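Fit chain to chain and form the complex, with the hints in mind.
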Amino acid sequence: MTTPDQQEMTSEFSVFHYYFKLRFFLFLREEIHFILILLVISQLSYAVNILSQMTNGATAIITDASVGFLPLVWILITSNIFAKERKPSRNLLTLTTPINAYHRFSIAIFITLIIVPLATFFMTRLLYLANIGLASILVPLNESTASNAYTALTSRNLILAMFPFPITALSNLWFLPITFFFMAATFLKKHVFLKVVLLTYLTAMILFLTVGIIAVTQFEWDPTKFMAIFDFSIHLLRNPILYELAAFIIGTLFLTISYLRIRKFTII
Amino acid sequence: MLEITNLSFKYPKSRKVLYKNLHITFTQGEIYGLMGQNGEGKSTLLKLMAGLLSPNQGQIKWNNHLLGGRDSLQDLFFLPEETELPPTSLRKYASLLAPLYPHFSMSYFNHACSAFALEIKKPMHKMSFGQKKKSLIALGLATQTSLLLLDEPTNGLDVQSKSTLRSLLVEEKRNNRTIIISTHQARDLQEIITALSIMHNNSLIFHYPLDFLQANLTMSLDGHDQSFYTAPIGGIKQSLIPRNLPEPTSSDESLDLEFIYLAAIHEQNKLNNYLSTIIKGG
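Here the protein sequences come in this chain order: A and B. 743 is the number that this note's numbering gives to position 206 of the first sequence; each next residue is one higher, with no gaps. 251 is the number that this note's numbering gives to position 240 of the second sequence; each next residue is one higher, with no gaps.
Warning: the hint list may mix true and false statements.
DEER-style ranges, computed between Cβ atoms [what the hints assert, rightly or not]:
id, chain 1, residue 1, chain 2, residue 2, range
1, A, Leu565, B, Asn187, 32 to 42 Å
2, B, Lys72, A, Phe550, 20 to 30 Å
3, B, Glu130, A, Leu565, 21 to 31 Å
4, A, Phe724, B, Asn121, 36 to 46 Å
5, A, Thr740, B, Gln48, 38 to 48 Å
In silico BS3-like pairs for lysine-lysine, Cα to Cα no more than 27 Å straight-line [said to hold, decoys possible]:
id, chain 1, residue 1, chain 2, residue 2
6, B, Lys132, A, Lys558
7, B, Lys132, B, Lys72
8, B, Lys21, A, Lys727
9, B, Lys143, A, Lys727
10, B, Lys72, B, Lys184
11, B, Lys184, B, Lys173
12, A, Lys726, B, Lys21
13, B, Lys21, B, Lys72
14, B, Lys27, A, Lys727
15, A, Lys726, B, Lys143
16, B, Lys103, A, Lys558
17, A, Lys726, A, Lys558
No lab work stands behind these hints: they were computed from the structure. The model shown is predicted, which means the values in this text are computed figures rather than measured ones. Ideal placement from N, C-alpha and C gives every residue a C-beta, glycine not left out.
Bound-form chain B, shown alone (with noise of 0.2 Å):
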């Protein structure tokens, strides 16, 4: 479990404070999808649980210890947006890096290179953005940590590469391991994603597990009293509503993560009053 207690960050040279007293618990074996608009603080915050930035106040604990020891540092991988691949082949930095993680799998990485089609003796750094960027979910997901965070993973991966991430982390979650995706493109994961995390004004305002949402909240294609959030999806007006309403309704059954990212964003305090009232039984 990776616990987040009082967190603030800034920056040295900024004046903006970041996640203000920041408490949020990410729990095993979930896959979270952490969204945002730019520049609320996503990726900082997973610099922050990787341990490549010190908060300015509070604490990361993984597994009730605090971040930094060997134990938690061989326990998380980070993929990072954009990183600078080094001038060696794949194969040979999986082996230079295979020591340094206990658990770590070299036929569970043939098998993720051999699922994404990666070159395994072309030097990573002459290899073009997506492939660089599959060299290392492949690392990562070969790391078998149990944490593993990922920084906007779909981004530059085609069609067919995006479909066999998607398998691949499938197959994590099976293993019980915790997953963090920071992601713009939430359609990428819709599937996959166990749970929501959404960042705006540099504070986390909305985190349930998907079970959940997808228990209390139904999309409607016909404008409703009682909607938390009503907007055009693909010339089609559609809401977002309490699931258990009294009277009937035509209901999609799928929650579209990127309209529920729309309406806590917009309708935050709707939403949240009405979530947090099923929670605490009401």
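The following block holds chain A by itself, in its conformation from the complex (with noise of 0.2 Å):
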């Protein structure tokens, strides 16, 4: 027998399901082109390699271009998705279906920062794969050592190639950038990603050049003077699981900024 608060949390799971369900059947509906872009273009860079390589010889295996290409879909599909759950503008139905603002976040997160991300890593992944077995049999051997890049790989290489993200670059790559692009979707009404990139470029050009006034200023261009600024930064980028820890706090407090400016969009 279950208590009413069971009920009551039973009943918020399964709208929260439902809804889940019903949001991640228009993504996939509406945003698989990104998907798909990125696998064509994936498999054209893996195309090209093989060729190059069935030509001049493979003295390593063929590299991968997706590696890249991921960072940009995930923040193309975070801007995108944002941009419909946060305004009445675009797809009234589904705002309008029984669930919360704070639920719908929630799922639209859960989407663009869990399984978006994983989906499609392992399906480049996948694709990798398939495509470093397509070399090994069309890359011909070296004349000279009988041999090539795709005869000498060993387990350890193979799956070293396959997981290239270095742990430093995890955050910058995916929770950061992820995170960044959410707080920005509460800001920004339109062209969320196209303003971010701009602004992003706005600020980095206006910090490089304060830098470097500061630089001619203050420190004569002396650079041992100069560079004890960053000594922090530096350090930060010493000690990868520091800093991990640093942009996981900078990252959740993007997301607790966009969490506060829900109420500003709707009541529900």
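Structural data, given as structure tokens:
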């Protein structure tokens, strides 16, 4: 027998579950083109690589270009999904379903922060693996050694090639940008991706100029004195766990600000 | 019962304040026609009722509970004037939406779809404007929520579909649902509306049951000293007059909602004074 609280929780969970099904289904229908473009571009780059190796020989296995595109696809999908969740401007039918804005937002985060990165990462891994397999068949052996990069490939090297992100890059490429784009989408109504890229560029330029001016006026171009400013950052970069912790705290701060902003959009 | 108390609202980048201290009550089982010129805030009021906008001041309560909780959300459906529909079939979308509404009736959904002659396998985003509207109406009616908010439901509908909509809404009235319809096309829904609310200058200036209006007002083809408002309709001069005038007048039994609307915005004080005196028993 269940208590009223348990029933409430079950009901809350079931509504969450059904809305997730609805939202995920719509995601698959509406944003799948981003993933397909990622797969097509990745496949094209592998194909070019294999063709080049077929002509020039293989000193190393084909490079994995998809790694560069993955974070781009993640933030594009993030900007798109949250733009749809934040305002009653786009899909009112979804927004007026009986689920509150916090739940809707949490589902959007779950999709963009967990499901999309994991799914796309594993899809590109499979594609990469398939292309390595294809290359090992198509790329001819080196005439002098009667071998190539694929015949000499060990399991360890293969695994290292398949999982290319070093720990320090994980926050930079995944958690920080996605949470930052979420926060940005709570402030910007339209063209979130474009505006964030432009604003980031402008901010970087302003910082660069400010740092340059400080360097000239305060330190008279003394590199030792000047670089001392960045001691803490360098310390962070040399300590991956500390760096990840800092990035996690900053990303969580972005998410917290985003959650606090939800009340601005809707009373649901 | 939907109760709005002391409501004020202003869009963030606008100077215009909509509905200063608005008080209004919508009772169960009625079909309200919400009329007003463009920009009077009818759609905004519906969005506030649906919880899509947050009031700057005041409260909106549904059955004595502040709007926003699970109970109120499961019990209301909002049909927007325009919306982007997802790239999936109506049937699939209904099956995904149904579990979110405890009283969703798939048989009623099929009934509404066949009444509107909708192609339920066609992707919704490829439908024409009228078909999209009908799809949303079918979904909204099938949710079986107690409160149904319809923003310009007849826009884009052909004559046959308007007639079907009227029949479906009459069925809903029997189910004791509260339906609030924002419309410019009062004549389309004249036969089914049971109460009339008029917004003018961003305020609610008129809010009466239609029975009450029928009992106390009538249309006259003669000019009359006591008429509230006189204007030509189709080249024929007509007047809105009190029903219980001592001297006989050639009156037309049915009230024209658009004429009442015009009378209310042009002769607001005169008409409201008369009707409120009757309510107070004068």
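Does the structure break any of the earlier hints, and which numbers would those be? 7
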